[in-house]
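Protein chains in written order, with my numbering: chain A, 1 to 110; chain B, 1 to 116.
To be clear, the hints were calculated from the coordinates, so they are not data collected in a lab.
Heads up, a few of these hints could be off.
Stated by the list, open to error - Using C-beta positions, here's what the derived DEER-type ranges look like:
hint	chain 1	residue 1	chain 2	residue 2	range
1	A	P8	B	S84	41 to 51 Å
2	B	Q45	A	L82	41 to 51 Å
3	B	T5	A	I53	43 to 53 Å
4	A	S65	B	P40	42 to 52 Å
5	B	L111	A	L83	44 to 54 Å
6	B	A54	A	V15	44 to 54 Å
7	B	T72	A	V12	39 to 49 Å
8	B	L111	A	H5	33 to 43 Å
9	B	V29	A	S57	16 to 26 Å
10	A	P18	B	G16	20 to 30 Å
11	A	E26	B	I60	20 to 30 Å
12	B	H82	A	E59	18 to 28 Å
13	A	P18	B	G8	36 to 46 Å
Said to hold, decoys possible - As a list, the in silico SDA-like pairs of lysine to any residue whose alpha-carbon atoms are at most 20 Å apart:
hint	chain 1	residue 1	chain 2	residue 2
14	B	K108	A	S103
15	B	K49	A	V60
16	A	K79	A	S57
17	B	K58	A	L46
18	B	K103	A	Q55
19	B	K108	A	G43
20	B	K108	A	Q55
21	B	K108	A	K79
22	B	K108	A	Q2
23	B	K49	A	G98
24	B	K49	A	S57
Stated by the list, open to error - Covered by chain A, per the in silico footprint, the following chain B stretches (three or more residues, Cβ under 8 Å):
hint	region
25	11 to 25
26	58 to 68
Virtual Cβ for every residue (Gly too), placed ideally from N, Cα, C.
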Amino acid sequence: SQTIHQWPATLVQPVGSPLSLECTVEGTSNPNLYWYRQAAGRGLQLLFYSVGIGQISSEVPQNLSASRPQDRQFILSSKKLLLSDSGFYLCAWSLAAGYTFGSGTRLTVV
Amino acid sequence: AQSVTQLGSHVSVSEGALVLLRCNYSSSVPPYLFWYVQYPNQGLQLLLKYTTGATLVKGINGFEAEFKKSETSFHLTKPSAHMSDAAEYFCAVSERSGGSNYKLTFGKGTLLTVNP
């Protein structure tokens, strides 16, 4: 069966520090991968999606970047975090119309 | 472009009462529609989805939703609320955006509280 792993579960980082959040998928090949951010009272916002290795589409301009170095690995990064980057980050994968989400990372920038 | 509107950011019901969470969508093509549930500090869990076929869709935990094309609605219901249903619920619409990619657009969510 397919599973999605996301880590870490929680993270507290100072302003200006770098960020790397990792997401891996097991049990499937060539999935579409997604990063969403959930900020308080603002629902879920699609940040990036990828339909294949090295293929990244950005939905909103921001302080973050994404990479897909392997078929089932999706990484969210930042060189210098801002306070506004705080939120709950969710990775998801899909092969067709349905999405499966990871358990999320709670990021607090202090 | 697709969009989702969830009426009511917060719904409160008594245990045993009917749960009704409203969702309206806009989509330029026949949509795929979803309801997800999120418990505190957890990811999203799929409750149910509509792709094609029967417009009344049954999901997990006794929830169901009906796709009404004429009303562009996909409201979520449960006949009798349980304390464990307290969570945030998200309605979402998916459209094919090219190749095999389906972009999922979410509503802002509805927080359901269940009173004893």
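Hints versus structure:
1. Evaluation of the 41 to 51 Å hint for P8 of chain A and S84 of chain B yields a failure: the beta carbon distance comes to about 27 Å.
2. Evaluation of the 41 to 51 Å hint for Q45 of chain B and L82 of chain A yields a failure: the beta carbon distance comes to about 30 Å.
3. Hint check: T5 of chain B to I53 of chain A, Cβ distance near 36 Å, so the stated range 43 to 53 Å is violated.
4. For the hinted restraint 42 to 52 Å between S65 of chain A and P40 of chain B, the CB-CB distance of approximately 29 Å leaves it violated.
5. Checked against the hint of 44 to 54 Å, the C-beta distance between L111 of chain B and L83 of chain A comes to roughly 25 Å, which is inconsistent with it.
6. The hint said 44 to 54 Å for the Cβ distance between A54 of chain B and V15 of chain A, and at roughly 51 Å that hint holds.
7. In this structure the supplied range 39 to 49 Å holds for T72 of chain B paired with V12 of chain A, their Cβ-Cβ distance being about 42 Å.
8. Separation of L111 of chain B from H5 of chain A is about 28 Å and departs from the stated range, judged on CB atoms against 33 to 43 Å.
9. The beta-carbon spacing between V29 of chain B and S57 of chain A, approximately 19 Å, falls within the hinted interval of 16 to 26 Å.
10. Checking the proposed 20 to 30 Å range against P18 of chain A and G16 of chain B shows it is violated: the Cβ atoms sit about 51 Å from each other.
11. Taking 20 to 30 Å as the suggested C-beta distance range, the pair E26 of chain A and I60 of chain B conforms, at roughly 23 Å.
12. Distance hint for H82 of chain B and E59 of chain A: a CB-CB separation of about 36 Å, inconsistent with the stated range 18 to 28 Å.
13. In this structure the supplied range 36 to 46 Å holds for P18 of chain A paired with G8 of chain B, their Cβ-Cβ distance being about 40 Å.
14. For the given pair, K108 of chain B sits about 19 Å from S103 of chain A by alpha-carbon distance, which is consistent with the 20 Å threshold.
15. Restraint check: the Cα-Cα separation between K49 of chain B and V60 of chain A comes to about 27 Å, which exceeds 20 Å; the hinted pair is violated.
16. Taking the CA atoms of K79 of chain A and S57 of chain A, the gap is about 19 Å. The hint holds against a cut of 20 Å.
17. Restraint check for K58 of chain B and L46 of chain A: not satisfied, since their Cα atoms lie roughly 27 Å apart, outside the 20 Å limit.
18. Between K103 of chain B and Q55 of chain A the CA atoms are separated by roughly 15 Å; this keeps the pair inside 20 Å, and the hint holds.
19. Proximity of K108 of chain B to G43 of chain A is assessed by CA-CA distance (about 4 Å); at most 20 Å being required, the pair is judged to hold.
20. Restraint check for K108 of chain B and Q55 of chain A: not satisfied, since their Cα atoms lie roughly 28 Å apart, outside the 20 Å limit.
21. For the hint linking K108 of chain B to K79 of chain A, the alpha-carbon distance of about 29 Å lies beyond 20 Å, and the restraint is violated.
22. For a cut-off of 20 Å, the pair hint linking K108 of chain B to Q2 of chain A is broken: about 28 Å separates their Cα positions.
23. Of the supplied pair hints, the one linking K49 of chain B and G98 of chain A holds, its CA atoms being roughly 8 Å apart against a limit of 20 Å.
24. Between K49 of chain B and S57 of chain A the CA atoms are separated by roughly 26 Å; this puts the pair beyond 20 Å, and the hint is violated.
25. Taking a C-beta to C-beta cut-off of 8 Å, the region 11 to 25 of chain B contributes 0 residues in contact with chain A, too few for the three needed, and the coverage statement is violated.
26. For the region 58 to 68 of chain B, the assignment as covered by chain A is violated, since 0 residues bring a beta-carbon within under 8 Å of that chain's beta-carbons and 3 are needed.
When each numbered hint is compared with the structure, violations occur for hints 1, 2, 3, 4, 5, 8, 10, 12, 15, 17, 20, 21, 22, 24, 25 and 26.
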